[in-house]
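Chemist: Here the structure of chain A is known, so what remains is to put chain B in place on it, guided by the hints.
Chains A and B are the protein sequences, given in the same order.
Take 3 as the starting number for the first sequence in this note's numbering and just add one per residue.
Take 3 as the starting number for the second sequence in this note's numbering and just add one per residue.
Hints were generated in silico from the structure; no laboratory data involved.
Mixed in with the good hints there might be a few duds.
One copy or two, either will do: identical chains are not told apart, so a pair holds if it fits within one copy or between any two.
[Unchecked claim] DSS-like cross-link-like pairs, simulated, lysine-lysine; straight-line CA separation at most 30 angstroms:
1. K296 <-> K27
2. K65 <-> K228
3. K94 <-> K296
4. K94 <-> K228
5. K43 <-> K354
6. K480 <-> K43
7. K111 <-> K99
8. K480 <-> K380
9. K354 <-> K228
10. K99 <-> K228
11. K45 <-> K380
If you're wondering where the values come from, they're calculated on a predicted model, not measured in any experiment.
2 protein chains.
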Amino acid sequence: MLPGGVPISVLTDSYKATHYLQYPKARKFVAYGEFRQGYNKDKADTRMVSYGMRYLVENYISKPWTMEDIAMAESFYKTHMSPGYTEFPFPKALFEKFVLENNGFFPVKLEALPEGTCINARVPVYQITATEEYTPLCTFLETLLTMIWYPTTVATLSRRSRDVVEASFARTSDGGPASPLVQSRLVDFGFRGCTSLEQSIIGGCAHLLSFTSSDTMSAAFYAQFKLNGGRPVGCSIPATEHSVMTSWPTEAAAMENMMDNFGTGIYACVMDSYDYAKALSEVLPSVAAKKLGKGGYLVLRPDSGDPTDAVLMALRAAEKVFGSVRNSKGFRVIPGCGVIQGDGIDLSTMEKIAQAIEAEGYAADNVSYGMGGGLLQKVNRDTMSFATKLCHIVYADGHAADIMKQPQTDTGKFSLPGVLAVKRVNGVPTVFPADSGEVAPHDNLLRVVYDMRPLEGVWDDFDTVRARVASEWTALPKAADNLSASLREKVRQQMALRGKVPALVH
Amino acid sequence: MLPGGVPISVLTDSYKATHYLQYPKARKFVAYGEFRQGYNKDKADTRMVSYGMRYLVENYISKPWTMEDIAMAESFYKTHMSPGYTEFPFPKALFEKFVLENNGFFPVKLEALPEGTCINARVPVYQITATEEYTPLCTFLETLLTMIWYPTTVATLSRRSRDVVEASFARTSDGGPASPLVQSRLVDFGFRGCTSLEQSIIGGCAHLLSFTSSDTMSAAFYAQFKLNGGRPVGCSIPATEHSVMTSWPTEAAAMENMMDNFGTGIYACVMDSYDYAKALSEVLPSVAAKKLGKGGYLVLRPDSGDPTDAVLMALRAAEKVFGSVRNSKGFRVIPGCGVIQGDGIDLSTMEKIAQAIEAEGYAADNVSYGMGGGLLQKVNRDTMSFATKLCHIVYADGHAADIMKQPQTDTGKFSLPGVLAVKRVNGVPTVFPADSGEVAPHDNLLRVVYDMRPLEGVWDDFDTVRARVASEWTALPKAADNLSASLREKVRQQMALRGKVPALVH
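Here chain A stands alone, though its shape is the one from the complex (with noise of 0.2 angstroms):
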């Protein structure tokens, strides 16, 4: 059953289920979806990485449909037109024609990326084809596809994030950027920031492909026994919340408990329930000899004021009780204890904090970050400009149509015109015609995912597709020219049947 268990004969825009009686006749569609610019709109890294097309086919795309979803599709659509109007049309009968002819199984071939291809902005992520009779069915999934700009954003998100923790731990630290603490560097607090559950699992495993870390469990569960066959994919430690510390009596008989249940591990306390100055002055150093004598690894959590600031006070204050290493880089590591900064991170905090610490001298190793809300849900469709876009028609005549909007009111939005296909170019990731013969069918990187039919064996396992983000973000030229030289003369091309050529193409 769907979340909310609703028909999944009704998972799209009201307005889509009426687009089959404004169509005109045609035997084939194509229609694909592509990010059009680079996170925050960032033209100097337009990198991506484009990941979320296997939870949406599995869980919905693959899903066969039955009479029933159409009854339940019939007794809602009756009832959905504005008041005084007739009836809200949908294509009722070409879904009873694949429930009866097609095994319930959506009518249409949809071809993707390989989870975890990174990109620059304006490849395409998906490509979806209807033919023949069920032609006007091609633009029906769109909403549900649409929602892949989420995985792939927080991807997007999580692997820049990672770009910060990487420099950091290159200027700083003696392990450098291949340093196994830089993995579980950023930690995923954005559980309770999300919307839903579907989103956290969502969301939560786009930010696995580039860190251990995480506190999302329905995430981390889902990665590992969905996607991973079993096998771990995301971590976390035991930690204080404000109840556990405002519970007892001291916060320094809270920080006591923690020792003796998880003293000789690793272990965080939050430090901010009501003085954080006085948390890090009196109350860390009555519990230092305790802690010392456990052994184990302390991560004090400031959860208030300014981030900057409150990670440094944590460093020098737990730099006075347990003292600091110099390392071959010059930069001091404090022994067994180290700060996690939670509240208030984004990209530009956690470089601000990266670049605070290493002007005092700290290194890396010293300070973890948490993003919640920052990392699963301050991102929406507009962060990397989504969309779908109508490309190819056949109509019934036999003539074939290259389709491109170019609206003159925001050149930005202009669309690609034709099939499409990918292949690499000097490792490039790039788009060309489908139909200019410059891409064998084994070198185009968009793979059928799905052909009227679920397909066995077209998902990678978590640990592959975490491998090919290692390597693929890295090799990928931060931004690039990823149109090729045919797809240009096309775009010029219908440009000239309308009206001006946008910049991007001249």
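Modeler: The following block gives chain B in isolation, referenced to the frame of chain A:
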């Protein structure tokens, strides 16, 4: 089955699975959730529409756990610890106890405001209690319960948007704020901008509390069939998208086909596929005769450029073609044609457009709005500062203590101490200490919605909740002194134990 097939036993932040070892021995814990601020920190209008607990209780909190859920949790937790340390702890014995002894129902009591209750910031929207051996589980559900931030925030944004529409109608429309047109003026275009299907259901239902228009069919279906006994809740109209307009040889042909299919009713056409100005100045006049012959209502939809300019351009073009009629307030209404702006819409652009059309003498009747990501995705837990905090403990020795978080580094983050009750004072929901004797049980707006098991008859149907929002929102003062004197006194006492008194309670 839950989304993604994840077991209910891992639906919390990792650290919460470890908290049972971190609390002092106790007989009772009480925690509560509140929004500390109004929408976007608005101090002049702190009203909000409390909404969404029903979804959480019906889909998660009230689901019985099984031994299989625990076994799945165990196989996960045993691998979830950061490498090099011991197994990740979780309260297995307590889980097993309530599976065996309480039919698998999570052993807490949950109180919540009636769905749709309008409150000012700082009123608890829920309170949770755990007692005796189950006391350490009190905060396990916090992650799920905290997700109430989302439907409440969207419901509030949507209701505030209705304020903008009503004000615009009051100034310029014959029907005034009570016009039957008001309820359809903001259409939910947010489905594809959501992160997940589940989000679209939750957020889309929140919008339907204040408006009847929605293209998010997942929510319209859920609200109708799961929350309202099958009675219709949300409606829409046939409308084109770019794929429709670009699939025909000309935009005029696409519009004529719309008129052939829907010309006697209401229908919308997107107008910027190639050249918005030209579509208004040339295409629209070319299909005007056919439009008039059919008689229905044509809605023009811009989709790029400056939103205010785009609306004004469409109104001027439509008036040139179809004329206008002056209403009793002196504003012009275009017969049979209007505009919907669905690109770049948020509260502030709605207000700007409403002002701009008024300045040009157009009545509000001519314009509708579509809000997509702005409505369902561009909000987060910080938008109204939601948090859950522990407020009361009875320790193992019988000693009771009110608990209050009071970080010096952010005095706005202080929590409310003690068990809480909510009673209307001059119509304003006001927070009292439950032990002050000031709130009789039947006056307490915090109603028990779950008590060691699901309860019958605790939820109102959607029509009732809608009516509650409609009547309570306008009756509630925009800002209110809603902490009772006795609660302020309790805060003062708590503060005296620790340090300073926050400004709010001086």
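Chemist: Can you list which hints this structure breaks, lowest number first?
Modeler: 9
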